[in-house]
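> Join the two chains into one complex using the hints; note that each chain is given alone, in its own frame.
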Amino acid sequence: MRLKCPLCGERDRREFYYVGDAIALDRPTPDAGDVAWDDYIHNRDNLAGVTRDLWYHESGCSAWLVVTRNTVTHEVLSTALASDVKRGAAK
Amino acid sequence: MRVEGKGLINRDTRVGFSFDGQRYTGFEGDTIASALLANDVRLTGRSFKYHRPRGILTAGSEEPNALMTVGEGPSQSPNTRATTQDIFEGLVARSQNNWPSLKTDILSVNDAFTNFLSAGFYYKTFMWPRSFWEKVYEPFIRRAAGLGALSGKHDDDRCEKAFAFCDILVIGSGPSGLIAALAAARAGADVILAEEDSRFGGRLLTETYTLDEKPGHIWVDEVIAELEAMDNVRLMHRTAVTGAYDQGTYGALEQVSNHLAAPHADAPLECFWRIVAKQAVLCAGAIERPIAFPMNDRPGIMTASAVRAYLNRWGVVPGREVAVFGNNDDAHRTAHDLAAAGVKVAALIDSRPDADVSGDFPVYTGAEVVDTKGRLGLSEVQIRTASGTETLKTDCLAMSGGWNPTLHLTCHMNGRPIWNDSIAAFVPTPNMVPGLDVAGAAAGVFSTKGALKSGLFRAKKALDALGIKTPSIPLPKAEDAAYNITPLWQVAGKGRAWLDFQNDVTTKDVKQAAAENFASVEHMKRYTTQGMATDQGKNSNVGALAVLADATGRAIPETGTTTFRPPFTPVSIAAMGAGGRGKGFAPERFMTSHAATVERAAPMIEAGLWYRPSYFPRPCETTWRQSCDREVEMVRESVGIADVSTLGKIDIQGPDAAAFLDFVYTNTFSTLKVGRTRYGLMLREDGYVMDDGTTARLGEHHYLMTTTTAAAGPVMRHLEYVHQCLCLDMNVRFISVTEQWAQFAVAGPKSRKLLNTILDAPIENESWPFMACGPVTLLGVDARLFRISFSGEHAYEIAVPARYGDALFRDLLARAEALGGGAYGMEALNVLRIEKGFITHAEIHGRVTAFDIGMERMVSAKKDCIGKPAAARPGLVDPERERLVGIKPIGEVKQLVAGAHLFNPNDEAVRVNDQGYVISVCYSPTLDSNLGLAFLKNGPARHGETIMMVDHLRRLEVQCEVCHPVFLDKEGEKTRG
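Residue numbers (full-length UniProt numbering), protein chains in the order written: chain A, 1 to 91; chain B, 1 to 977.
Excised from the complex, chain B in its bound form (with noise of 0.2 angstroms):
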């Protein structure tokens, strides 16, 4: 029911949405539920396991109960609280884990086997048989609990991250919060605040208080007015601070649109923010406590403080009888807010026989509330005085069992809080987190006053910090009154007294899970599920462990705490993970070749980031292998284009650049001419192999190292790491090329034919041998040319300022065509380098050793380099290792497998008898047999033997004969040709 005259709505702007299909209106400032309680609806949800009625009983991000789905399609954002959630034109929201209805949900049935559905009944009841446990009992448990779901379709929202710098965050804009920023802002540093609510002002905006005998509000709107127009000021509203981290980092979720019924095209839903605060002041508030009384969950029982806020705030009063029950002064409020608003109180009930209480209802002290009755929503409670039991008729019951401080940030570093006696809660400890401080209630000071006062000293003290000199700020006057509280935590009844109301979680199963030896805090709560709610206990923690206390006999302070983990409130993953989602996940990498590639139909596949060409289909062509067969003959008779750019590429100068690249390389290359090209090895300083490439020599204090395509960072990382942090006087310096050149491989026996028609100056077998390298100048473009071959063809490799890559391959294409040529792909490639017994980062995958690969002569003898001292332990040189062979089927089963094992052929293929595995695999157009290049145990030994591959997943047994790993011209005569 809507009160005329209060509020902080605006009255001019109505607005229309629906819940559960029924239309409604609201206004403009209006949450979702305070519009629905001015609407008279109290039933907002079902509970997770008894399927309870459940109503609204908080006003904030603390909310347990009314949850629900907000939106339609793929976007639908479901567990959405509608205490945050403001309305908007059309807004559509819908109730969740019921069935059929809300006011019909067949599953409400479990509350009437409460005894049997306790804490840990699915562990004792879903026990055998054991093959119900996938297929009966998990499908069954998942439908009948569980919250709101995503819609599973592609949701195109898009969100957000950011990052924020300031010198103080002021977290939390209440009294503490807006004097803190206040204080840093007329200071000049540079200030956050941010604040979870659309509105600043915290409680200001929910109580009657005065500042300077005017309305809260209209002082908060002051105070915001003067930090807006400031510089050094950045106001964040609707942005929750969800975590601390270190170093002063801090997690915040800001909700830029979804309040919105036309948001901006390009604004995101959501935004994740990191703000790195050099201090910060935690002025988060605190959270009105439940009491658990028997039958305290039915919709109408709510806390006195959101009883109050949806009044003073929105104007709306959830019943027209309001009873109050409380332990604390600070629940009178309430009453006497409501009665001066014209709402009759139905009575003010004080569990304190000596609580101070006047007002013009009738007054209860020393009694409490036993039992409540309405099966939908409440209609009346039963009060237990000293003198007997009442019934006293009320649709609307308002409960304080006192505040609890909002310290969660201030554990997020492993902190605990300590127990305050005299205010019955926990505080903060301090310095938790390093450079955070607590004002106001969030330190357990509830007045207004002290936390005026409160806010301004800790901003002092952060200005302190940061050596800012804080300018003399006069508080205004405000309440100061004191917060008079005796606990009460549990009330002594028939009924079930609920603690978490979301996970239905009652007094009795904290009990049981006592009586259970369940007793340590945190076993209580994962054997009940106590605190494990979308609230993450806020409502229910304090008052749980209370109990728990009690039913072991220990005090509160000895039973401790559960954990606060980050995030304080629900942070969507797709806001965490913003620009992440597909592509944004793995961005692409394209070749200068892409778009002529991409033309000429090739599929391609993933190296890394980068997109390189499986094979280059002719319109004949229906599988892979025959245009891959077509490709390697082509390569092997004529001439074969390749993009190759994808290789890394590290330009490296200076006089030392000789000396060390001796010392990454396992070979020498201070030896190496200038204009000549040497294939290098590079180990891991444990001795495994690293990585391979040719580098040339451009100059005398002037090379060009080339990585594999996968270790291109690697590698450059590491050739900081030795210059850095071991060859630091060396006179060397490296920069990645890698996307400065594009690269091509011209390869077949008419490579140099081709190549003449566009060079400047036409090259000859003895000015260009195997291995040179230089400048070159090809149609009047400067370009680097190097004889070099992956394919063990006469072959070249051109490289040519990248922005005339594609023009080049366009070109060389166009050639080599005329020339009965063409391009070839990845899968060509790897057929003409395992022909050849070339390695990739297949064979060097991290295990094996330059023996192992058959390069141990590779490794000098007359200098020192990376990872030759561990490559000597004997383990890494035993000749029984597995070492590099190449297999041939010689049986009647031809078929090689990658990953398949070998063993001997009268073995029995166990484990055991292992004598090693097939790495790489091809079919031969060359040789018409297929290869395989595999690790066999003392392979080198072995050439001409008899070996089995064994795959047991395809069921293949071969019979192959072990070989050289090079299958063709081993002498190399073609390159050099």
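The shape of chain A in the complex, shown without the other chains (with noise of 0.2 angstroms):
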């Protein structure tokens, strides 16, 4: 498996660390409420089909990414650096 990294081009998967879902990067406010909280912190759908992870490429230029993939077809469908994603999302 291969990765782009919007830094460094495209590498091994070996370089990257994996994290789980890109939901991360949307942390609730702290008085958000249990629902949302859990909702970040524990509750994830197990999907087959298009996901988008959190990826770190731990060996290359520390950068973390937000990778959109497709778990059923192994398509990397977009690689982009998580501060973008926020930067982007914040707008």
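Worth flagging that the hints you see were computed from the coordinates, not collected in a lab. Yeah, the Cβ is synthetic: ideal placement off N, Cα and C, and Gly gets one too. A portion of the hints provided could be inaccurate.
[Said to hold, decoys possible] Output of the computed footprint for chain A on chain B, the stretches with three or more beta carbons under 8 angstroms from beta carbons of chain A:
1. 236–249
2. 724–734
3. 869–878
Structural data, given as structure tokens:
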């Protein structure tokens, strides 16, 4: 498997550390309530299809990436710097 | 028997080798198989189950029968296919799966009980009594079955692994592969041409075809010479592409030196490649199918294409009177090639009544082979024709049931092939592996001209995808014979008809599986073991599922195939795991004090990849406890030195460094004064403790964080996550400086006295109070001094650039020893911290909260931080949670054990009464008592209570008193002294 780091180019997956759903970008406010926090920390849909995950280019540039891929076809649909995604979402 | 004037072997170089102790001679260019056949050796192995005599069936990597153990001693290599292993001077090969010898194999008695040993025999037979499973049945079955064995000794033969990259990967170098590689190369693309054989050319080496009126192999040599001269081409022969993976990654196994008598000392045996290709063209050819006729497994019965290959490529004919049996026109070539070479063709038997056959040899159409004879090798076959049966004397039967495209790689990402009636075979479904296209025989295009056209077309498609223009390439003139076939899956008759030769699966077994309702192809496979041999069904899958289709009244496409999985050919674990052996699996990280520590005979223990000293033994000491107790007393009474460089050190700088730390730590760091250090606690977002450590403020915008040894990597990752994903507008940067600084603890009442002998400017208690930090110079070297303590003593940590670490450690030790102190190791460090109730990752093991370790007040009420909202959940602040306490034995038995559980004195020691567990224990020489840290339900409210520590494994029941987790100097007076 290969991922395209926006900073370093296409690299083997062994250079990356996988953490899970990119929902981790959307931290609720401290007073958002139990439901919001449980959804943020624990509740995950185990989708067969398109997922958005956070990966860390640990053996490369230390960038956190949002990787959109299809777990059925194994296609990597896009990769982006998590900070860019976050900025885009904030706008 | 060798045939003069034929073959691509080098007859000027003779090569001596041995098989089962017998010496033979072959020529350079021979495989073990071709050399044995040249020496008239037909019996090469025994089958898996019935121990039937078996000979060479094929001339390629699909060989199921001629598996041998090559080499001797630790590096012997079992299950080597004689058809792919080149001979070299002194090669030693041995047959497998027989006793006492290949010719007289006692277990061939199994063959007489064939009626009992049919499919499912083991499942049905070895059921009772249950106690026999492990002690009787399994050892017996394992001894009876099985192929070659490893030596069981350590093998030092090295393997390697590597990455390669290209625009276009061409897999296979027959006509389609060569033309594809040539087109891609001339177009200027980066090309890798991978060929599993020792020589490029594929079937062009084994047929008598001409291309542009030249012998096929001459055309091959010309193309290879052109490719070799190009910088953008990498030719990889002896390299089998074994798997297709995501994003254009292919696994490939290169045989680097196991065909050489005297390989270069630095050469690996094999190399496992990961080839990354933007586009790939699979030109893997096709594999000929055997025919399931009665008693079709005798040595001397081979595929027709193999017989042709041995004749044309190696100048060997596997018999003196060869018969050919087939259901397609291609089989006729074998008879014609043999006849042209002057070999006697006993008969050409074609199952099709309407077959168009001519030749200067007996021809039977509409005929089938219905029986064979010859105990250790074929001697005659019986033919059934329209007019009756005939017996024919022959010592070699070349059979052809048609060809199966080698489409395995196209199915490695869950693809399934589709059935093509016109060639009676499965062909690849397009686009099953992104970027992989198929050409030539692998795509079901069997003529040479067709293969060339197909190769060029697929290469052009690959080049188009890359935006590269394809140059015009004239195709050489080549044969374009039609491929006519009428399926013949099994021949009716009395005897057993084998499908899977290695695993002894016959048509009867498949039918029995169907009758017992193992009718799905996946169930039939597992019930009969068909296709589970080392050839993974390359010879038998299609035949077996055709028989299954017939037995279940379904069509072949409806019956379907089993799943194709990598690897295409066997890959040794040694090659896949190259570099991961021994210390390669877990590289060693050494502290700068390592040499000095080892010189002092300190036993080392692993902490992650680091090596740290357990203790520093003195000559009179015979147990670790003696050393440990002494080192603890030394720190408490004079001064001890310990290397603490393994702790993670993260340099944090930027205008928002303070605000950032306020967010990742539960407590506040923006209020920390420059020149001061503070203990910090870090939570995960789910509210549990992640790590702890001290962080020093070196400047207004400059902090130095320390992490625990184990969490250095995860904390660094976490900080980057918080910054890039949550606080991206904060102006702050981090870098790990763990290995840039050597850091030593100088602990004990005499610590300042020692330091003042090396500091260029001496310090006082007032000028450098507890938790002070800052730059100093010692002996002229810039250093950092931190007044922090993990022992509870008046202590410091001094850090110097790593290059001074060894010198400073030795210097500190000498000065400490002059003051009655010395070095201390991890054991003493552990005792010192337990006495003080300081936590390590033993306590913060991932399931405890700040509340559990009594640090809930460190979670600042004034600000948000990672983990704070979740830590406030009711379940995480329940007083009944297991929370940190100290325990001391108060009864007769004094032993404490980490991992033991706690129970109320009058309760039965069973799970439902569990009150908590012990996490860290030590003997404290300072207090002359065993001490334990434990997690106890509602612990802080239970100080003074009596609790029972129970260890069922060691049969211990120890009466303990619950106490405060800080056993010594609760007020911390000593650290401030």
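> Could you run down the list of hints and mark each one as holding or not?
Okay, the hints, checked on the actual structure:
{"no.": "1", "hint": "236–249", "verdict": "holds (count 5)"}
{"no.": "2", "hint": "724–734", "verdict": "holds (count 4)"}
{"no.": "3", "hint": "869–878", "verdict": "holds (count 3)"}
Figure legend: structure checked against the earlier numbered hints; every hint is met.
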